[in-house]
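Chemist: Could you slot chain L onto chain U? The hints should help.
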Amino acid sequence: MQTLPIKERGYVNADILVTTDWVAEHKDDAGVRLVESNEDMLLYPSGHIPGAVQVDWTTDLNDPITRDYLSAEKFAALMSRIGVTPDTTVVFYGDKSNWWASYALWVFSLFGHQKVKLMDGGRAKWDAEGRELTRDVPKFESTEYPVPTRDDTQIRAFRDQVLEHVKARRKLVDVRSPLEFTGERLHMEDYPNEGALRGGHIPGAANVPWARAANEDGTFKTAEELKAIYCDEKGLSKGDDVVVYCRIGERSSHTWFVLTHLLGFDKVRNYDGSWTEWGNLVGVPIEKP
Amino acid sequence: MPAELPPRVAELIEDLKLVEDRQDRLLTLIDFADRFEEVSPEVATRPFSEANHVQRCESEAYVFTTPHPDGGVKYHFAVENPQGISAKAMAVILDETISGETPDVIAGVPTDLVYKVFGKELSMGKGQGLMGMIELCKILAKKMEVERLAAETQDA
Chain U
116 MQTLPIKERG YVNADILVTT DWVAEHKDDA GVRLVESNED MLLYPSGHIP GAVQVDWTTD
176 LNDPITRDYL SAEKFAALMS RIGVTPDTTV VFYGDKSNWW ASYALWVFSL FGHQKVKLMD
236 GGRAKWDAEG RELTRDVPKF ESTEYPVPTR DDTQIRAFRD QVLEHVKARR KLVDVRSPLE
296 FTGERLHMED YPNEGALRGG HIPGAANVPW ARAANEDGTF KTAEELKAIY CDEKGLSKGD
356 DVVVYCRIGE RSSHTWFVLT HLLGFDKVRN YDGSWTEWGN LVGVPIEKP
Chain L
27 MPAELPPRVA ELIEDLKLVE DRQDRLLTLI DFADRFEEVS PEVATRPFSE ANHVQRCESE
87 AYVFTTPHPD GGVKYHFAVE NPQGISAKAM AVILDETISG ETPDVIAGVP TDLVYKVFGK
147 ELSMGKGQGL MGMIELCKIL AKKMEVERLA AETQDA
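Quick note, the sequences are listed as chains U and L, same order. Heads up: the first sequence is residues 116 to 404, going by the numbering used here. Heads up: the second sequence is residues 27 to 182, going by the numbering used here.
Only chain U is shown next, with the shape it has when bound in the complex (with noise of 0.2 Å):
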C-alpha cells in the first residue's frame, strides 16, 4: 500500500507528524530528542533508533501511588534527565500503531511542552524500512527544564466535567471496541483486571475505535479518510467540543492527536480516567444498546 506524502494529506498541522526519513536525516540534530514510548517494555532496549531514549508510559508519566500523572517537578527532572530544554523539538514514536508514543505526546502536552511531533508510523515502520536499531543508550547532558505548569483544563477532562458534558449532550468519542462499547465486554480483550463493574458506554457517545484513524502500516489515514469517519459517519463538527474516552484514557490519546492536530478540532478533551473509573463509579449514566 502506498500512503500519500504526509503534506498532502491534508491535515490542518501536517508539521506534527514527521516520516522516518525526516527522522534519520535530523535524528543527531542538536536541537531535537526522539523519545521511543511503547507498551512492550523489551523493545526499547532490544533497539531503537540511534539517540533515541526511552519514555515508558507507567514508571515514567504516572504517579506510582495516586492515579495521576506525573507531578510538574517530576517533569522538569525527566526532562533534565533527557536532556530537554524546553527549545527543544520532541519527537516522538512506538509500537502499536504509536498508541503510546500518542499518550507520551499528550502528557508532554499537559505540561505546556510545545514543540512536539510524532514520526508516522511508528517503530514498526522503521524496522521495516531495515533502517538502523542500536542497544546503545545515549546519555545527554542535563538540562535545567523550568518548572511548568500543568495545565488540566485545556485537553484532559475529569468525571463531573464528563457528567455536564453528557448532560448538555455534547459529543463523546468512546474509542474502545465495540464490544465494550456495547457491554458485552467489561474490558479491553486480553486486559481482564482493567475491567469495570459495569458495561456500556457514556451517554451519547458514539463509538470510534481508534485503530480506525490508522493504516495496516501504522501511518495515519488522509484527512479526508479521517473525515469521512468522525464527520461523515458519526457527525462531528471542527466547532464542537468534544471529550475522547478508552479505558484509562491511552487508546483516547491517539483520537485527541488525530481530533485535534490532523482534523484541527477546537476543543478536544482526553477523559483519562475513562471507563475504569466511569464503568465503576456510582450512580452515573450509563448506556447500553
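It is possible that some hints are incorrect.
What the hints assert, rightly or not - Computed cross-link-like contacts, DSBU-like style, restricted to lysine-lysine with a CA-CA straight-line distance of at most 30 Å:
#, chain 1, residue 1, chain 2, residue 2
1, U, Lys382, U, Lys336
2, U, Lys254, L, Lys100
3, U, Lys342, U, Lys282
4, U, Lys189, L, Lys164
5, U, Lys142, U, Lys254
6, U, Lys254, L, Lys146
It should be emphasised that the hints constitute simulated quantities derived from the structure, not laboratory data.
Modeler: Using the frame of chain U, we list chain L on its own:
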C-alpha cells in the same frame, strides 16, 4: 496443594530473583530472545495450523511439539511479528526450562510464571499473550500423552 514446579523453572525463578535491577532484568530477557530459533521446516511449515496458534498473543506465536530425544516433550516455536521480542524471550525460556519434561511435570507450570519472569510492570495485554503460550504448551503436552497412550493401547 499447588503442583511442584519443574526443576529448571524453579531454578530460573531463583536466578531471576538475584537480578533486582529492572534494566538488568530486561537485558537478561533480551539475552533469552537473542537465542530464539524458529521452528525448523522438518517440524512445521507455513501456513501453520490454528491448533498451534497461541490465543490472545498479539505477536502471532505458534507452539509445536515433537518427542524429545531423551524422553518427554520437545517444544518448538514460531513468532510471526518481527516486534514480538517478549514472545521470543518466552519461547526460549519455555524451551530451556520445560523441553524434555513429561506432560505431568509440565502441567505444574503456573501461567503466572510470566509475571515472575517479566516482572510486575508487564502490561496486561502482553501478559495474557505470554500466559497463552504456557497454556498451549500444557495443552499440546497433554495431547501428545493422550496420543502416545492411544498408540500403546492399539499396539497391545
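Chemist: All hints are to be evaluated individually against the structure, with a verdict given for each.
Modeler: Hint-by-hint comparison with the structure:
no., hint, in the structure
1, U:Lys382 x U:Lys336, "holds (21 Å)"
2, U:Lys254 x L:Lys100, "violated (43 Å)"
3, U:Lys342 x U:Lys282, "holds (26 Å)"
4, U:Lys189 x L:Lys164, "violated (45 Å)"
5, U:Lys142 x U:Lys254, "holds (14 Å)"
6, U:Lys254 x L:Lys146, "holds (27 Å)"
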